[in-house]
Amino acid sequence: EDQVTQSPEALRLQEGESSSLNCSYTVSGLRGLFWYRQDPGKGPEFLFTLYSAGEEKEKERLKATLTKKESFLHITAPKPEDSATYLCAVQGAAGNKLTFGGGTRVLVKP
Amino acid sequence: DGGITQSPKYLFRKEGQNVTLSCEQNLNHDAMYWYRQDPGQGLRLIYYSQIVNDFQKGDIAEGYSVSREKKESFPLTVTSAQKNPTAFYLCASSISRSGNTIYFGEGSWLTVV
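The listed protein sequences derive, respectively, from chains A and B. Here the numbering used here is used: the first residue of the first sequence is 6, the next is one more, and so on. Here the numbering used here is used: the first residue of the second sequence is 19, the next is one more, and so on.
Read the hints as simulated data drawn from the structure, not as lab findings.
Think about it this way: if two alpha-carbon atoms lie no more than 25 Å apart in a straight line, the pair counts; the simulated SDA-like pairs of lysine to any residue are:
| no. | chain 1 | residue 1 | chain 2 | residue 2 |
| --- | --- | --- | --- | --- |
| 1 | A | Lys-47 | B | Thr-104 |
| 2 | A | Lys-47 | B | Gly-60 |
| 3 | A | Lys-62 | B | Ser-114 |
| 4 | A | Lys-68 | A | Val-32 |
| 5 | A | Lys-74 | B | Gln-59 |
| 6 | B | Lys-89 | A | Phe-51 |
| 7 | A | Lys-47 | B | Lys-27 |
| 8 | A | Lys-73 | B | Thr-119 |
| 9 | B | Lys-75 | A | Ala-98 |
| 10 | B | Lys-75 | A | Ala-99 |
| 11 | A | Lys-47 | B | Asn-118 |
| 12 | A | Lys-68 | B | Gly-60 |
| 13 | B | Lys-75 | A | Ser-33 |
| 14 | A | Lys-47 | B | Ala-49 |
| 15 | B | Lys-27 | A | Gly-46 |
| 16 | B | Lys-27 | A | Glu-50 |
| 17 | A | Lys-47 | B | Thr-38 |
| 18 | A | Lys-64 | B | Ile-113 |
| 19 | A | Lys-47 | B | Thr-119 |
| 20 | A | Lys-74 | B | Asp-77 |
| 21 | A | Lys-47 | B | Gly-76 |
| 22 | A | Lys-74 | B | Gly-58 |
Model the full assembly from the supplied sequences, consistent with the hints where possible.
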């Protein structure tokens, strides 16, 4: 059974204080690892897909990396508008469904 | 605009009643999904459909039913058999059934009163 664990559960940052979120996973035949951003009361917004170990992707202040056991979402010099819950999910060889972690709630204070 | 539309945004249901949540997409995606999200928890898969007139149970299908009569539409019925229906429901879609990014709608809040 595919499993995803995200840490920490919550993260409070000062504006400009860089940090990293962790996503540890076990999956049979990784097809893709996905990062989403979710604002309160809204649907998840797609950020990145990573397919193989060593892959990296960037978007503005966010950078996602992937190893064989975990993925990191690095937030560089965050701004208050980066405050959200960040969700990690994996898609295994068994099918096209996603298995999600519990998310990391990020609060960036000005 | 292309996207996934869920309605209603907020729904209140009395115990013992069935309710149906609507999901429509105009992205020409083959696959559609329903997820449930409880406060502070990750998303859990209820049902998914890879083609019209076909669907499969996800991890928590008990007390729910779906239909896929049209490619664009994938309604979810929350039946009275669902013991804890109060939750945030998310519809999603992807281009095809393997290895593609899944995109989400804005969600529907269901509260049992």
